[in-house]
Every structure is written in structure tokens, then in C-alpha cells.
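*Asks:* Chain by chain, the residues run as shown.
Protein chains: 2
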Amino acid sequence: MIRRREQVFHGWGEPGAGPALPDHADAWLREHLGLEGGVVEAPVDLADVVLGELALAARVRERLAAVADVRDDREARVLRAAGKSYLDLLAQRAGECTDAPDAVVAPASAAAVADVLRICNEEDVAVVPFGGGTSVVGGVAPGRGGRDAVISLDLGRLDAVLGVDGQLVRLQPGLRLPEADHALRARGLTLGHFPQSYEWATVGGCVATRSAGQASTGFGRIERNVVAVRLATPLGEIGTREVPASAAGPALRELIVGSEGAFGVITEVTLRARPLTAERRYEGWFVSSFAEGVAVLRGLAEDGLAPDVARLSDEAETEASLALAGRAGLARTLGRVRPALLICGWEAQMGVRRTEARRRLRATRALPAGERAGRAWLASRFAGPHLRDDLLDRGAVVETLETATTWARLPALKAAVTGALGGLHVGCHVSHVYPTGASLYFTALGRRDADDPAGQWLRAKAAACDAILAAGGTLTHHHAVGRDHAPWLAGEDGPLGVEVLRAVKERLDPAGIMNPGKLLVG
Amino acid sequence: MIRRREQVFHGWGEPGAGPALPDHADAWLREHLGLEGGVVEAPVDLADVVLGELALAARVRERLAAVADVRDDREARVLRAAGKSYLDLLAQRAGECTDAPDAVVAPASAAAVADVLRICNEEDVAVVPFGGGTSVVGGVAPGRGGRDAVISLDLGRLDAVLGVDGQLVRLQPGLRLPEADHALRARGLTLGHFPQSYEWATVGGCVATRSAGQASTGFGRIERNVVAVRLATPLGEIGTREVPASAAGPALRELIVGSEGAFGVITEVTLRARPLTAERRYEGWFVSSFAEGVAVLRGLAEDGLAPDVARLSDEAETEASLALAGRAGLARTLGRVRPALLICGWEAQMGVRRTEARRRLRATRALPAGERAGRAWLASRFAGPHLRDDLLDRGAVVETLETATTWARLPALKAAVTGALGGLHVGCHVSHVYPTGASLYFTALGRRDADDPAGQWLRAKAAACDAILAAGGTLTHHHAVGRDHAPWLAGEDGPLGVEVLRAVKERLDPAGIMNPGKLLVG
Numbered sequence: 001m002i003r004r005r006e007q008v009f010h011g012w013g014e015p016g017a018g019p020a021l022p023d024h025a026d027a028w029l030r031e032h033l034g035l036e037g038g039v040v041e042a043p044v045d046l047a048d049v050v051l052g053e054l055a056l057a058a059r060v061r062e063r064l065a066a067v068a069d070v071r072d073d074r075e076a077r078v079l080r081a082a083g084k085s086y087l088d089l090l091a092q093r094a095g096e097c098t099d100a101p102d103a104v105v106a107p108a109s110a111a112a113v114a115d116v117l118r119i120c121n122e123e124d125v126a127v128v129p130f131g132g133g134t135s136v137v138g139g140v141a142p143g144r145g146g147r148d149a150v151i152s153l154d155l156g157r158l159d160a161v162l163g164v165d166g167q168l169v170r171l172q173p174g175l176r177l178p179e180a181d182h183a184l185r186a187r188g189l190t191l192g193h194f195p196q197s198y199e200w201a202t203v204g205g206c207v208a209t210r211s212a213g214q215a216s217t218g219f220g221r222i223e224r225n226v227v228a229v230r231l232a233t234p235l236g237e238i239g240t241r242e243v244p245a246s247a248a249g250p251a252l253r254e255l256i257v258g259s260e261g262a263f264g265v266i267t268e269v270t271l272r273a274r275p276l277t278a279e280r281r282y283e284g285w286f287v288s289s290f291a292e293g294v295a296v297l298r299g300l301a302e303d304g305l306a307p308d309v310a311r312l313s314d315e316a317e318t319e320a321s322l323a324l325a326g327r328a329g330l331a332r333t334l335g336r337v338r339p340a341l342l343i344c345g346w347e348a349q350m351g352v353r354r355t356e357a358r359r360r361l362r363a364t365r366a367l368p369a370g371e372r373a374g375r376a377w378l379a380s381r382f383a384g385p386h387l388r389d390d391l392l393d394r395g396a397v398v399e400t401l402e403t404a405t406t407w408a409r410l411p412a413l414k415a416a417v418t419g420a421l422g423g424l425h426v427g428c429h430v431s432h433v434y435p436t437g438a439s440l441y442f443t444a445l446g447r448r449d450a451d452d453p454a455g456q457w458l459r460a461k462a463a464a465c466d467a468i469l470a471a472g473g474t475l476t477h478h479h480a481v482g483r484d485h486a487p488w489l490a491g492e493d494g495p496l497g498v499e500v501l502r503a504v505k506e507r508l509d510p511a512g513i514m515n516p517g518k519l520l521v522g
Numbered sequence: 001m002i003r004r005r006e007q008v009f010h011g012w013g014e015p016g017a018g019p020a021l022p023d024h025a026d027a028w029l030r031e032h033l034g035l036e037g038g039v040v041e042a043p044v045d046l047a048d049v050v051l052g053e054l055a056l057a058a059r060v061r062e063r064l065a066a067v068a069d070v071r072d073d074r075e076a077r078v079l080r081a082a083g084k085s086y087l088d089l090l091a092q093r094a095g096e097c098t099d100a101p102d103a104v105v106a107p108a109s110a111a112a113v114a115d116v117l118r119i120c121n122e123e124d125v126a127v128v129p130f131g132g133g134t135s136v137v138g139g140v141a142p143g144r145g146g147r148d149a150v151i152s153l154d155l156g157r158l159d160a161v162l163g164v165d166g167q168l169v170r171l172q173p174g175l176r177l178p179e180a181d182h183a184l185r186a187r188g189l190t191l192g193h194f195p196q197s198y199e200w201a202t203v204g205g206c207v208a209t210r211s212a213g214q215a216s217t218g219f220g221r222i223e224r225n226v227v228a229v230r231l232a233t234p235l236g237e238i239g240t241r242e243v244p245a246s247a248a249g250p251a252l253r254e255l256i257v258g259s260e261g262a263f264g265v266i267t268e269v270t271l272r273a274r275p276l277t278a279e280r281r282y283e284g285w286f287v288s289s290f291a292e293g294v295a296v297l298r299g300l301a302e303d304g305l306a307p308d309v310a311r312l313s314d315e316a317e318t319e320a321s322l323a324l325a326g327r328a329g330l331a332r333t334l335g336r337v338r339p340a341l342l343i344c345g346w347e348a349q350m351g352v353r354r355t356e357a358r359r360r361l362r363a364t365r366a367l368p369a370g371e372r373a374g375r376a377w378l379a380s381r382f383a384g385p386h387l388r389d390d391l392l393d394r395g396a397v398v399e400t401l402e403t404a405t406t407w408a409r410l411p412a413l414k415a416a417v418t419g420a421l422g423g424l425h426v427g428c429h430v431s432h433v434y435p436t437g438a439s440l441y442f443t444a445l446g447r448r449d450a451d452d453p454a455g456q457w458l459r460a461k462a463a464a465c466d467a468i469l470a471a472g473g474t475l476t477h478h479h480a481v482g483r484d485h486a487p488w489l490a491g492e493d494g495p496l497g498v499e500v501l502r503a504v505k506e507r508l509d510p511a512g513i514m515n516p517g518k519l520l521v522g
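Here the protein sequences line up with chains A and B, keeping their order. Residue numbering for the first sequence follows this note's numbering, starting at 1 and increasing by one per position. Residue numbering for the second sequence follows this note's numbering, starting at 1 and increasing by one per position.
Chain A with its partners taken away, still in its complex shape (with noise of 0.2 Å):
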């Protein structure tokens, strides 16, 4: 009942399987890190990873399989024990699944999906909606907010498309984002949806979480493509309406967008496609300074002709990616000049655009880094969370974190962030633009504390969300809140704002059994 394809516990993607870190990158973990070079430390063995007890009750799980699957052996528990996550991996590899589910439930239909809320509900047994997995800010944590028992609720077998009309598909939540646009390549369509976890993300996941991709500048973030949804909550059904706009009073589909898990299970996505088209066009570009490129790239969104794909690299990211490429020479001859790499995708329309965006990086004196470097891009854009295997395998501490605020904002917050993240290398690149303002991912990268690991990080985490509130970002562009940032919703939507989320999750799930502590803190 679980997937066939399924990813390895303790990392990403298949066993064996996904890029891999060069031999060259050595020198440059040396200087930059301090690691040592070589594997330090390796995953245990599946048999080896420690369980909790079960704790659902033989009758709740008889109830539950008169419904759904239901499996609840070493595997399945351990696979649905966490999301991606640097701290998550940590544990995983460390083979701590205490808080692993009691059982993987997995119902087959919409329907089912009520049938397993309305008895977790009466039994009080909580549920952890799983999608792809690939959350990185604990939205998958097998939360039991007090209670004894807690299911991993595997939408998997809900992995059908329902319908198309035109560009308009309904589609089921565990539809994996590579199945989604196989089955609608045959319409000429795509979903235009490319987060960096692509290759396992839902459908579900992506609208649950508020996803954004790396090609949403120009084809837009998920909710921007949501025409409706529906949702399964432990009292019953939402469902809003498909219809492209409406003024019928506050916009429920952008409650439920976002909502993690919170208030129900997402059991319908209805989406805007996009049509498939042969143009597709990346090219690189070397700018004088990051603020340079960040000018540009304003200009751009301002007047309407940003790239579908904008990636602006600072310096520091620029000379590391340009050092882990095997491009050392060319980082050593750029080192004087210390450029900023930005890369532009077009996958569409690009004519005005392109002319546009060229005669402008031209008129800054930017170098062309050609489609040699766009196709470097795109062949290595889903590799990092390969790439995160290896490192965590040579004893670095190593995570992402983003954020977007106004164009104004934006330097002052990039130094805030980098600041709070002392200590580590960081690297940044703003990853998405806007006509109002941008979005800034941050890498950092360091030496493991091998003495306490998961403090190390948790305190940088901490002070970045901190300074990322204090500077006029949000705490999150794209990755969601999770247990992670939970604690920190207040500073973004203020304590009213919290109360009116909470107001909302205890009219649709008053027992709390969905999914406690994501969102909003227990």
C-alpha cells in the first residue's frame, strides 16, 4: 500500500541513487569548513534504528483497517518518522525513530480519508497528513500534542487525475509532481510547478504548504494557481468553489492553502495548467556585485518582464558553486573581481522579455556566463538535497533557510540573516522576484559540533528567525512553518492573527488530533 518508489530513511531520494559530491569539492570543504574529507559518519542500518512501542489500541486499529491499509511494521514507521530536514537527517542517520507513528494509514479515496479523520476523532488518536515527506521545517514530525497514539495519514493511494478542461486539472492530493506532468504531457500541459524536492513532492504537499517553485516568478506560486480545493476536517467537508474569481466575502481557499495539515486533509486540488511549450530558454550571467543584479532584476519585475527563472547568487554563493563545480580556475580568475552569478530562465513567451533583460545586464556591463551555464543550472537543480547526503556524511552542519520582504528591505535584511547566522559559511541568492520586492535563500554551511549538533544549529535557526522578523521579512517564502516556525508565527501575523488561526483549527478540529504542534504551537 505504501508507494513502490519510496525515498532511503535517512536522506533523500533512492538508495544509490542522485548526483554525488565531486572529488574536487575536498579542497574546498578543507579551507572553508575544516572537514576533514572522507565519510565520518554513516547512516545505521534500518535494523538498527531504534522504535517506540505501539501504542494504538488493537480495536482502533482494526476500526482504521476496516477503512484504509494499515501497516505498522519497522519500514513503513520508520519511513514516515520524518520530513527532510537537516535536524530530521540527523536523527534519522543516528537511527532515533522513537516518535516514529504508531501505524501508516493509508485510505484510497476521499471518502476513506473522512472515514479515518471521524474515527481518529472519536478515538483520539492523532493524525500527521503525509505527502511526499520532503518537508524541511518538521511539517511531518509525528506530533501526538499529549496524546498516547499518532497515525501517519499516507495519501499515496490518492494519486489520480480526475479531470481536465482546458488548462484547468483536478487532481488528486498524493499525486507526485513528476506524475502530475507526465499524465498531463499527453494534453500538452504541465504543471509549471518545480520546487527543489520535485521529484518527490504531492500535489497536496505543494498546496498544504503554500509551495513555491523554481519557476513561480514567472508562472506563480502555488496559491496563484489554485482555482479550488477541498478538505477533509474531523467535522466534515470544505469544499470551495471552481470558479476563476469571486467577491463572495473572504477567500476560504486561501485558509485552506497553507493551512499544513492543521485544520484537515487537502482531498482535491483543482489547478491551474500550463501549456507546454519547445522554447525553453537559461543562460548565466556574470553581474558586477549582487546589489548590481538586484537592481536589474527590480527593474525588471517592476516593468512586467522579469525571467520565468531569476537566480541571483551573492558572491560568496557565486565562488562556492563555482569551486564545488570544478570551475576553480574560473573562480580564481573571477575571485579579483568577485562577481555575482545570475542566472535567467525563459520557458515561455520570452521574446520582449529576453531583448529586455540582455540589453539591461549589457547597459551594467555584466559578462556573459552563456547557455552553457543555464544548462549547468538546470541539470543540477533538484542535486542539493543529493549533495546533503554527502556532507552530512563528512560531519557538516548543513541547511537552508529563505525569506522575502519589500525591495527596499531587501540589503538590510540579507545582512541581518547572514549576520545571525555567524559562524557559518553562508551563501545567498534571491530566488524568486516580484514587481514589490524579492525572496532570499540562504545555505549555511559549517563543521558539525560533534558534541551537540542539534544545538548548534537550533541556535543559528533561532537568531535568523529573529533577525529575519526585526528586518521586515517573513519567516518563510516557501518552506512553511511547521513545528519549526511555529514558535514565530506571532511575530509574523501578530497574537490577534494567531488567535483568529487558532479560532479557525478549533471550530474544524476541536480535539486537536490534527496533525498538533505544526502551525501553531500545542
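Be a bit skeptical, because a hint or two may be false.
Stated by the list, open to error - Cross-link-like lysine to any residue pairs, in silico, SDA-like; alpha carbons within 25 Å at most:
| # | chain 1 | residue 1 | chain 2 | residue 2 |
| --- | --- | --- | --- | --- |
| 1 | B | 84 | B | 400 |
| 2 | A | 84 | A | 325 |
| 3 | B | 84 | B | 488 |
| 4 | A | 84 | A | 454 |
| 5 | B | 461 | A | 242 |
| 6 | A | 461 | B | 242 |
For the record, the hints were derived by calculation from the structure and aren't laboratory data. These numbers were taken from a predicted model, which means no experiment stands behind them.
Using the hints, position chain B against chain A.
*Replies:* Here is chain B on its own, set in the frame of chain A:
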């Protein structure tokens, strides 16, 4: 304290100003609606309006006067007694203002708004926020919700531009749209938001009612341009962060947009503005049929090539428009082919979009009506409500209603609404297009039932609402819910969805003083 410029209490615009129905209209009105011609019923004088007794305790009035301007003279109360729907105007013209508010309270700052709400919450006085007063769905009806007293909270003094940073503009809610555009023009900006109520509508009112403007196909509905918003509630303030995008859980912003004064009062809005452009171009086409025009618009919208303004009148509306515009000769000529008039407007970056729209229209053998038709539409874009006053004088029933749905459901929705309005002369146009669907805007005209004018329209309207929901439309694409659509909201959002909105209201406004009976049935 109330603004210097006010609309006439029984109609639209300033007394005597605005376009009037031309003489040649009489023939059409006689033939199609059976109207005799000439004024059959004039509005009463202000002195003859019947008001209710003042119900606000002197002590409460004093408390309010300490934090805001307070007026309770005849003129102030009558001017805040109703919006501008057909039924509102019928009552105002007849001088029926027994429900007028007990005072018009105008605070001068966001802090003073909060003070007013606090006092009203303590004293159990109902509060009806009042921006431009242009609601056509009973949104500013002075509902008491069972209380003795109700005030109109006039936001006219909060009319400042608080800041401009690039395309990000921070505005107070009481700013009227022309005032906002005038202030922004010096910065080379416009809001690009042009509802038919443009002359009087306020920024806060547009946000509170989830407004769309005539150019929103290109510039986006108001919610697409709201970056952040502040809401004063009886229990305190909610402010959303000024960021271009966020994944920090459900979007509270989208809960405040469209809240119609039922949760609190919008005290500040940060919007994305647009650069002014010089190249505006509008033109008309006679398409061989409404269905053919819909097909062209769908194709353009799906391909990202829609004009910024796209208005496609059906055959009946085209015929009536030409006749009322004094082009009866043309109407007779065209009468044999019964074409559908399409107005396409490009506000900026028209290049490939206009070329492609023209190419596709020519391919359908559509007849160009040229820029003359475009200019005529632009010249009369805000004329409708002015002409309505003349129709009311002549004894007509005249009202509009609107909806939206997916492209596939559009023909059946149009037929269902037209059928529901049986007995009236119904014209319809597509007013906004989206990649996944379009809006339909209906104008219903007829001879007023002298014995039961309100009942005549209420029955037609109820039948139309039922038909819309049954045919998969939204209750309203841009008129909002107000009092008039509130009984149908459970049909739109479902019973549990409405419960969610009620939970939000109860958390922010436990006493229920905010705009009673609007959005949610009292």
C-alpha cells in the same frame, strides 16, 4: 467633517452632474420595456425624508465625540442611510429612511478608529463602516443586529497617501480612487483599478469588498494587488506583513480582503501600483456571435494574451447599447446578423497581445468597429449609474448582477441566469476573463411593478442567485456579499465554510457589533 463632495442621497453622483439618457432612448424604452417616457416619479426632497428617532444615548454620543467628529443632523444621517442598489434608491427616492444611522462618526486616524470600536463594543452600539457608500448589495445598510443604536463609521478623514516606495504604495482607507490616482500621478503611478463606481469608491471599500475594476483582466483584481492590510477590530488590531509573498501558513490577508466590515475596519492598505503608460488603446469589434467571441477570448486568456480590458456583449446587449447610443441605423443594419460587440482595451505592453488578438478576430471574420467604438466605451465607462437615475425617474426596474465560472460552464450559467430573470429584458456581457474562466455581468430592465416594486426585484434576484449556485457560478464576481447575498453564502462556501467565517467573527467581534447582517446572516 463629512467630505465636501457628496453624492445626492437618492441617486448617483453630484446633483445635476453626469450624463443623462438621450432623448432618442425613449423609443427603445417604449418598444422594449413598455415605458411611457418622461418622468413618472421624482425623488422626494431632503426635508421630506422620514427618519427614525435618534437612539444613541447622550453619554455614548459624548464618548464618541471625544475621539471623533460626530454628526446626527438630517443630511448626515440620510447620506449614510443606504448604498446604491436599485432597492436602496427606490427607498431613498421615496424618503424611507427610518433605519438611518443614529450618528455619523468620523475618526481622523487609525488610532481613533480603534477608539470608536472599543467604545461601541463597550456600549453595544452597532458599527457600519462607510467608505464610498457605493455598495449595490446592501453592504452599508444600517443594520442594528437587535441593538437600539447604530453608527455609520465614516472613513472620509483617513484619506492620506502614507508612503510610496517604488510600486509599493501605502494608503489610508478613505482615499477615493480618483484622489489616489491623482496623488500617485506625480510619481508616474496609477492604481489601475477602475470599477464602474470609480468616481466615489474608496481604497478601503475596494479591499473590504474584494473589488474588481474594468481593467482587472490586465491589472488584476484588488486582492492581486493588496500587499498588506491593517484591520482594527473590537478586540485589537491585525496587521499583515508588508512582503511580496509568504508561505507562513494560511493567508490572513485574504481573510481580511472581502471581510466587508464584518470583522473590523480596514485602517491601512499597502497596494502594488502600476506605472502610468501613454500608449492606451481601445477598439471595438463586431463578432458574429457571443459564443464565437467567448471562444476567441478563451484562447487569448489561455495563451496569456488577453487584453487588459475585455468586454464582450451578447447579442441583446449589443442591440440595446447601439439603440440607446443613438445608432439605431447601425443597429438595424446589424440587426439582420445580430452580432456581439467586443471591446478590447490595452493599457500597456500591448505589442504581441494586440497583434495576436486582431489576427484571431480577423480569422473569425469579425468586423472591426475601430477605435471610435473603443473611445465611445471609454467615454461612457462610468455612465451606467448616472443613466440609471433617469430610468428610475421613468418608472423602470433597472439592476445588474454578476457571476463567474469556468469556461466550460459559462454557456449553461448564462442561460440559467437569463431564464431566472424571465419577464425582464436581460443583456449580458463577459466583463473579465481568466485562463480558467470568465465573469458574466447581467443588466435587467423592465417596467416597474407599481404595486410591489421591491417584491418584483427581490423575486427575480432570488431566482438568479439560486440559478447561479445551481449552475456552478459564484454568487458574485465583484459586487460582494453584503446583506443581499448573505442568505446564499452557505450555498457558496458550504455550511462548514460559513461556520469557519463565523468562528473568525466571533473571535474578533464577540459582541457582534460589526456591520450586523452583512456577509453572515445575523
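*Asks:* Does each hint hold? Answer for all of them.
*Replies:* These are the hints, each one checked on the structure:
no. : hint           : result
1   : B:84 to B:400  : holds (11 Å)
2   : A:84 to A:325  : holds (24 Å)
3   : B:84 to B:488  : holds (21 Å)
4   : A:84 to A:454  : holds (14 Å)
5   : B:461 to A:242 : holds (22 Å)
6   : A:461 to B:242 : holds (22 Å)
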